[in-house]
Amino acid sequence: MAVMTYREALNLALREEMRRDPDVFVIGEEVGLYEGAYKVTQGLLKEFGPKRIVDTPIAESGFTGVGIGAAMVGLRPVVEMMTFNFALLALDQIVNSAAKLNYMSGGQYNVPIVIRGPGGPAHQLAAQHSQSMEVYFYHVPGLKVVRPSTPMDAKGLLKSAIRDDNPVIFIESETLYNVKGEVSEDPDFLVPLGQAAVRREGTDVTVIAYMGMMYRAMEAAEELAKDGISVEIVDPRTLQPLDTETIIRSVRKTHRAVVVEAGAGFAGMGSEIATEITEEAFDDLDAPVARVTGAQAPMPYARSLERLKTPTKEKIADAIRQVCYANGSR
Amino acid sequence: MAVTKVVMPKLSEQMEAGKVIKWLKKEGDRVQSGDILAEVETDKADVEMEAFGSGVLRKILVSAGDKAPVGALIGVIAEEGDDINAVVAQAGGGAPSAAASSAGAKPAMADRPAAVPPQPKSEDHAERTPSPSKGPESPGIRRAQETVAQQPAVTEMAPRPQAPAAADGGRVKASPLARKIAAQSGVDLKLVHGSGPGGRIVRRDVEAAAAAPAAAAAPSAAAPSPALRPVTPTVTGPEYEDVALSTMRAAIAKRMPLSKAPVPHFYVTSEVAMDRAWELREELNGLEGQPKISVNDLVIRTCALTLLHHPGVNASFQGESIRVFHRVHMGIAVALEEGLITPVLRDAHAKTLAQIAVEARDLAERARQRKLRTQELSGATFSISNLGMFDVRDFSAIINPPEGAILAVGSVRKVPVVTDEGLGVGRRMAMTISCDHRVMDGAMGARFLQDVKRLLEEPLRLLV
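Residue numbers (this note's numbering), protein chains in the order written: chain A, 1 to 330; chain B, 1001 to 1464.
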């Protein structure tokens, strides 16, 4: 175990996998000489050389297509999106090629590709650079979607993603790159895809949240503990496939659920999880599942408006009180 | 800073109006949430009404002895400085006659539209007074008082103003979990107050209702059986007098035709040889430290066990369907001076004779003292009416809807019987079941009765 940042954990995962498997290579904008816009690929060019750390022009559709082709013939590319907002330019490659070739070729081709980079709102990056991009991908059959919240998960999940034979969308966060935590240095340490983690045990309400929202929910939980409300926090870690079993198990215990997501709520992860809970655990619910989501609006640039649009610790705490019938509704 | 409206609580399903027996607090008294404000008489029981807000009892709108419809404002709790005129004025429609009869309500009257006709005093307010526009609130004592925040809600997550949970008197709003727990613990949701938004019943409400103690049998001196008083024929005074209906008598008068007219009754009578049951009872009652078992306790236990095998008789007509119960909640008719009441012995099928004896006696005693809780007065799946103590050979009873049947039990009498040896003396008891023909047919009723008879004639089975 070593304490390192989320960024260093990702770097270590790439390094270990590239050492383990010569078919793994990294391709993207500024990943080589510049060592990554967010320095996730720091030192990799020096260790693995330009054949395995490939700088590309600003052409997301092009280099994603190159990655998919390489994966089809047996390599294991890791494609870096400088930010996931730019993946929109490669959406056709991802949705119509990466996700579907295995199915459409009758299983003749696998596409073992990882497309990674930061996504989700950070601070004052305005509408075009503050988006929860996972929603565009987890709807597509054939893609796996990962959102790791901690350094340990960043490492363990990225390694699992690289070893997976399916296309994996791996979305990090600008706001988490400097988060520090314990990380296993064991090169065989993996966090399996499709397994949620219980971040905090509680008995009164289950909060499902990932990435920055998970940390805000933890703060809200600390605060509510003082009022005697015991909050359990489940971090899905992988959104597709989603570990509903862990979520349902928790809800069956607490009888109440709040889903938090940074992006707009309409047809979001919150809708999906709320529906799963209703379908699987209706008779266990003591309150309707509540959602705390971003407002249905583009992210404003102004700091004050940004705060209004985004789920805050206070909004999360209010929703928890609401489902616990603990905000004076007696 | 809140004004708490004190409204006439809905204490039973049939309750439309209630009478304030007395106020335990007077205007100007400081009250804490939980204090007993007043005693209210319903058609079935006298119930203490709690305060659900703290402050000063600023106004009493319905004085002791007066009636008010369910949901009508009967008092206001607020702080000294709070303006309650608006609340009192708003309630104008709810309890106008009461307001009119109270001089203290003058300012409120001034706010009311001149078009409101003056209400006649006295008589039956319940019949005349229009219900508040929202309609009667759903059952539950706690909801009887609505705390109105005077300031706008502070946060966007604050609860919306409470709406009546079942304004139409129909569907009860409860969380799925609350429903599940209620079903498991036999709690009738209609009698539970919902503390969630809009009056939704949530887990804690059902758990609280289930935990309410089943009343430690308060052993009070058994009421002496009414002695026969010599009646002196009156020769002076008026020829007749009209006695006002008590609330209970009014309820019976209203309810019985609702049964007898629309429910097609049929009757099946059978006679039981009670010799062995009688002996068994004597023997049981000779045991030290055992509760006294009455004939009726034997009948209750017998019927409860038999009903499990005849679910068709333990059933209720629901219009489009027949609801068949898998548990037996036994209604036990108890005669009172002024009428009749049918407390419910829950899960009678799962109780021993001794348990039945203790609980039935407790229910009957508290029925006579009018101290039954509302939840003890509804939910029966079958009823027994026993007039055995009056030397009645047999009689037939009127079904208490929505139940599907009622058993009328006569006295155990010594009669001449034909035995193998010739003529002997035996104890016989007649019983007549009244059945709802929409639910069952003659043969079903007869088969049930046959099994009741069989069980009573082999009474050791009641002990196993």
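Among the hints, erroneous ones may be present.
When the alpha-carbon atoms are kept at most 25 Å apart in a straight line, the in silico BS3-like pairs for lysine-lysine are as follows [claimed, not checked]:
1. B:K1022 with B:K1371
2. A:K315 with A:K253
3. A:K253 with B:K1022
4. A:K253 with B:K1026
5. A:K39 with A:K51
6. B:K1351 with B:K1260
It is worth saying that the hints were derived from the structure and are not from the lab.
Now the hints, each set against the structure:
At most 25 Å may separate the alpha-carbon atoms for a hinted pair to count; B:K1022 and B:K1371 meet this at roughly 16 Å. Taking the CA atoms of A:K315 and A:K253, the gap is about 23 Å. The hint holds against a cut of 25 Å. Between A:K253 and B:K1022 the alpha-carbon distance is near 46 Å, which puts this suggested pair outside the 25 Å criterion. Restraint check for A:K253 and B:K1026: not satisfied, since their Cα atoms lie roughly 47 Å apart, outside the 25 Å limit.
Only pairs whose Cα atoms come within 25 Å are accepted, and A:K39 paired with A:K51 is accepted, the gap being roughly 19 Å. For the proposed pair B:K1351 and B:K1260, the alpha carbon gap of about 32 Å is over 25 Å, so the pair is violated.
Of the numbered hints listed earlier, those contradicted by the structure are 3, 4 and 6.
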